[in-house]
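Put chain B on the given structure of chain A with help from the hints.
Take a look at the letters that make up each chain.
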Amino acid sequence: MTPLLSLSCRSLLNRRGTVGLTVFAIAVSVMLVLGVERLRHDAKSSFANTISGTDLIVGARSGTIQLLLYSVFRIGNATNNIAWKSYRDIAAQPEIAWTVPLSLGDSHHGFRVMGTTADYFRHYRYGRKQPLRFAAGVAFEDVFDAILGADAAKALGYELGDAIVVSHGLGQTGFARHEDKPFKVVGILAKTGTPVDRTVHVSLAGIEAIHIDWRSGSRVPGMTTDADTVRQMDLQPKAITAFLVGTKSRFAAFRLQRTINEYPREPLLAVLPGVALQELWDLMGTAEAALSAISMFVVAAGLLGMMTMLLSGLNERRREIAILRSVGARPAHVFGMLVLEAAFISLGGALVGLVMLYAGLLVAQPLIDVQYGLFLSIGLPTARDLTLLGVIFFAGVLVGAVPGYRAYRHSLADGMIVRT
Amino acid sequence: MSVHRCLPALSRIAAISFVVLAIGPAPDAFGSERKAHRHGAGTLNLAIEGRNVEAELEAPGADVVGFEHAAASDAEKQAVAKAADQLRAGATLFVFPEAAGCRLIESEVESPLLDEKHHDHKGSDTDAHAEFHAHYHFRCDRPGQLTHLDTTYFETFPAAQALTVRMITAGGQSARQLTPKTARLKF
Numbered sequence: 029m030t031p032l033l034s035l036s037c038r039s040l041l042n043r044r045g046t047v048g049l050t051v052f053a054i055a056v057s058v059m060l061v062l063g064v065e066r067l068r069h070d071a072k073s074s075f076a077n078t079i080s081g082t083d084l085i086v087g088a089r090s091g092t093i094q095l096l097l098y099s100v101f102r103i104g105n106a107t108n109n110i111a112w113k114s115y116r117d118i119a120a121q122p123e124i125a126w127t128v129p130l131s132l133g134d135s136h137h138g139f140r141v142m143g144t145t146a147d148y149f150r151h152y153r154y155g156r157k158q159p160l161r162f163a164a165g166v167a168f169e170d171v172f173d174a175i176l177g178a179d180a181a182k183a184l185g186y187e188l189g190d191a192i193v194v195s196h197g198l199g200q201t202g203f204a205r206h207e208d209k210p211f212k213v214v215g216i217l218a219k220t221g222t223p224v225d226r227t228v229h230v231s232l233a234g235i236e237a238i239h240i241d242w243r244s245g246s247r248v249p250g251m252t253t254d255a256d257t258v259r260q261m262d263l264q265p266k267a268i269t270a271f272l273v274g275t276k277s278r279f280a281a282f283r284l285q286r287t288i289n290e291y292p293r294e295p296l297l298a299v300l301p302g303v304a305l306q307e308l309w310d311l312m313g314t315a316e317a318a319l320s321a322i323s324m325f326v327v328a329a330g331l332l333g334m335m336t337m338l339l340s341g342l343n344e345r346r347r348e349i350a351i352l353r354s355v356g357a358r359p360a361h362v363f364g365m366l367v368l369e370a371a372f373i374s375l376g377g378a379l380v381g382l383v384m385l386y387a388g389l390l391v392a393q394p395l396i397d398v399q400y401g402l403f404l405s406i407g408l409p410t411a412r413d414l415t416l417l418g419v420i421f422f423a424g425v426l427v428g429a430v431p432g433y434r435a436y437r438h439s440l441a442d443g444m445i446v447r448t
Numbered sequence: 015m016s017v018h019r020c021l022p023a024l025s026r027i028a029a030i031s032f033v034v035l036a037i038g039p040a041p042d043a044f045g046s047e048r049k050a051h052r053h054g055a056g057t058l059n060l061a062i063e064g065r066n067v068e069a070e071l072e073a074p075g076a077d078v079v080g081f082e083h084a085a086a087s088d089a090e091k092q093a094v095a096k097a098a099d100q101l102r103a104g105a106t107l108f109v110f111p112e113a114a115g116c117r118l119i120e121s122e123v124e125s126p127l128l129d130e131k132h133h134d135h136k137g138s139d140t141d142a143h144a145e146f147h148a149h150y151h152f153r154c155d156r157p158g159q160l161t162h163l164d165t166t167y168f169e170t171f172p173a174a175q176a177l178t179v180r181m182i183t184a185g186g187q188s189a190r191q192l193t194p195k196t197a198r199l200k201f
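Protein chains in written order, with the numbering used here: chain A, 29 to 448; chain B, 15 to 201.
Chain A extracted, bound-state conformation:
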C-alpha cells in the first residue's frame, strides 16, 4: 500500500499544473455547496429571530406574506393604509393587551423611516423575546425626535443630537425632501441583527407633521408651516400602515384574528407572525431546493472534470503505466494508483474548498451584514457540512474507479501497441 501511496503522490506532483487546476475546480464547488448551505441556515435563523412576542400583525387586506414582509422586514410596500378610526376601534377590544401602530413610506438615505410610538420600544421583541435596548439616548419625546437602528447610525455616521432630513418616498436620493422639518437624533438602538438595525424610527406625529404642507405626494407651493407652529397643531394621523398586537391570552389571538379579518368597516388582514413566517419558508423551500440542487450539480461537474483529467491522462501515461506493469506492478496496482490519485484530488479539493469558504466568509461577513442585514456565522463546520464533505470525497473516489478500471483492463496492451 505504502509504495502505491508514494507512487500516486509523486505522479500527481509530476503533473501539478493540471492536478492543481482540478483540485481548484473541486474546491470551488465544495465552497459553493457549503456556502449555500450556510447561507440557507443563517438566513432562516435570522428571519425566524426577527419577531417574537407579537401575537398578531394587522394591515390592510393583501397577502399574509406581503404584510409580514413590509411590516416586519421592511421589504416591499403596503398596498393600502388602515384608517386611524379602525385602529382605535380594534385596539379597544378587551382581549388586547397592547398595540403598536406603524407608519411606513418615507426614507432617509436608503434606510426606511418608520413612524411609531414609544410603545414600540417597550413591546417589540426579537430572538428569544429580547427587548430593544438603547445603546445611547432615550425614546422620543418631541415630535421631531428620531431614533436610529444600529446599522443606520453606523453607516451614516450619526451621533446623538445630529439633524436628519427625511426623504419622501423610498428613493435613494429623493427629489422630494422634507427639508423644512429636520429630525433630531435622540436615541440609537443596540445591534439586534434584525431589520430594526436598518430603520430610522420617528414618532407618528412626526410623520404627520412633515406631511402637513403636502398633498398627494408633493409639496403644495407657497405653503410652509414652520416646525413650532406644527407642534401646536393636532398631529393625530388619519391613517397608519399596520399595527402590532399583543393579546392577553394565547387563544385570544385566534379569536381576534377572525374578528379583525371580518371587520365590517374596512378590509383588514390579521396574521399570526409565526405562522406567516412558516408560510414564507414553504414558499422559499422551492428556491432553497433549487439552490442546493444547483450547487450539487456544480460538484458533479467538478468531479466529472476530475474524471476527464484522469482519463485523458491515461493516454499520456501509456508508457508510464506500461513500464510499471513491466517491472511487476499488477493490474490491481494500476487500478489502486488511479483511485488513490482521485482520492488525493478530492480530499485536496475538499480541504482547499473549506479554507476558501472560511476566507470568503471572513471577507463577506461584514459586507453582507451592512448591505443586507444578514449576519453570517463563522463557526466550526457543522455535522451536515462534514457529511457533505464526506459524500463529496466518497463520490470522488468512486469517480476515480472509472479511469482505474480502464487502466486495469488496457494497461498492458495500451502501452505496448505502437499507435500511428
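Hints may be right or wrong, so weigh each one.
[Claimed, not checked] Think about it this way: if two alpha-carbon atoms lie no more than 27 Å apart in a straight line, the pair counts; the simulated BS3-like pairs of lysine-lysine are:
{"no.": "1", "chain 1": "A", "residue 1": "K72", "chain 2": "B", "residue 2": "K91"}
{"no.": "2", "chain 1": "A", "residue 1": "K157", "chain 2": "B", "residue 2": "K195"}
{"no.": "3", "chain 1": "A", "residue 1": "K276", "chain 2": "B", "residue 2": "K200"}
{"no.": "4", "chain 1": "A", "residue 1": "K209", "chain 2": "A", "residue 2": "K266"}
{"no.": "5", "chain 1": "A", "residue 1": "K266", "chain 2": "A", "residue 2": "K113"}
{"no.": "6", "chain 1": "A", "residue 1": "K113", "chain 2": "A", "residue 2": "K276"}
{"no.": "7", "chain 1": "A", "residue 1": "K72", "chain 2": "A", "residue 2": "K182"}
{"no.": "8", "chain 1": "A", "residue 1": "K157", "chain 2": "A", "residue 2": "K276"}
{"no.": "9", "chain 1": "A", "residue 1": "K157", "chain 2": "A", "residue 2": "K182"}
[Unchecked claim] So, partial list: chain A residues that the calculated Cβ filter (under 8 Å) puts toward chain B:
{"no.": "10", "residue": "S80"}
{"no.": "11", "residue": "S277"}
{"no.": "12", "residue": "R278"}
{"no.": "13", "residue": "F282"}
{"no.": "14", "residue": "L300"}
{"no.": "15", "residue": "P301"}
{"no.": "16", "residue": "V303"}
Just so you know, the hints here were simulated from the structure itself, not pulled from any lab data. In this text the structure is predicted, and so the values were computed from the model without any measurement. The beta carbon of each residue, even a glycine, is placed where N, CA and C say it ideally should be.
Quick look at chain B alone, frame taken from chain A:
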C-alpha cells in the same frame, strides 16, 4: 477522428439532449403538492396556556359527512347527527399523553348543516362551504408532560385528507400539516 464520423455523433448527442429536456420535470412539479390538498383539508387552531388547552376545529362538510348541502333525507340527517356526536367527543378525537392528565372540560359543535332552519334554502343557500366548527377546552394537571397530541380525526372521518394546524404555545407560534400518515402533533 474525421469530420465525417464526428458529425453524426454530435447530432445524436443533440437529439438525446432534446429528448431529456422534453421529458424532464414539468415546470409545475414543485408546489403542486400544497395546492392538491385544498379539498379535504380542515384546520385546527390550538393554544396551550398554563394548564389550559383550547382547540378549535373547522372541518369541511364534505370531509365529515360527505356532503355540504342541508340534510334532506333521513339518512343524511342521521349522518349529520352522528358526525356532530363524534366531533363533540373531544377526548376521543384528541389524545394527549397519559402523563399530562388532560380531561375535556367543554366542547361544542356548530354547523349550518345542523341548523334545521337551513332546510328552506333560498337558492344560493346551498353554499359549497358548509363546515363543522368545533370548540374544545381541555385542562391538564401536568402541562409539563404535554409533549404531543395524537388525533383520531382521520380514522373517524376517512374522507379527510389533511389538517392544517396553527398553534400557539410557550415556544411561540407555528404551523403544521397533519395527514392520515402523520397524525401526531409534536409540541
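Hints, one by one, checked against the model:
Our distance criterion of 27 Å between C-alpha atoms is broken by A:K72 and B:K91, whose separation comes to about 49 Å. About 35 Å separates the Cα atoms of A:K157 and B:K195, which puts this hinted pair outside 27 Å; it is violated. Our distance criterion of 27 Å between C-alpha atoms is met by A:K276 and B:K200, whose separation comes to about 25 Å. Pair hint A:K209 plus A:K266 holds up; C-alpha atoms about 20 Å apart against a cutoff of 27 Å.
Taking the CA atoms of A:K266 and A:K113, the gap is near 8 Å; set against the 27 Å cutoff, the hint holds. For the given pair, A:K113 sits about 22 Å from A:K276 by alpha-carbon distance, which is consistent with the 27 Å threshold. Distance check on the hinted pair: A:K72 and A:K182 sit about 25 Å apart at the alpha-carbon level, within 27 Å; holds. Distance hint between A:K157 and A:K276 is fulfilled; the C-alpha atoms sit about 16 Å from each other, no more than 27 Å.
A threshold of 27 Å between alpha carbons decides the hint, and for A:K157 with A:K182 the separation of about 25 Å falls inside it, so the pair holds. Using the Cβ-Cβ criterion of 8 Å, the hint placing A:S80 at the interface with chain B is satisfied: the shortest such distance is roughly 6 Å. The restraint placing A:S277 at the interface with chain B holds, with a minimum CB-CB distance near 6 Å, inside the 8 Å limit. For A:R278, the suggested interface contact is upheld, since its CB lies about 4 Å from the closest CB of chain B, less than 8 Å.
The interface hint given for A:F282 is met, as the beta carbon of that residue sits about 4 Å from the closest beta carbon of chain B, less than 8 Å. Hint status for A:L300 relative to chain B: holds, with the closest Cβ pair at about 5 Å, below 8 Å. Here the hint on A:P301 is kept, as its CB sits about 7 Å from the closest CB of chain B, short of 8 Å. About 4 Å separates the beta-carbon of A:V303 from the nearest beta-carbon of chain B, less than 8 Å, and the hint is met.
In this structure, the hints that do not hold are numbers 1, 2, in rising order.
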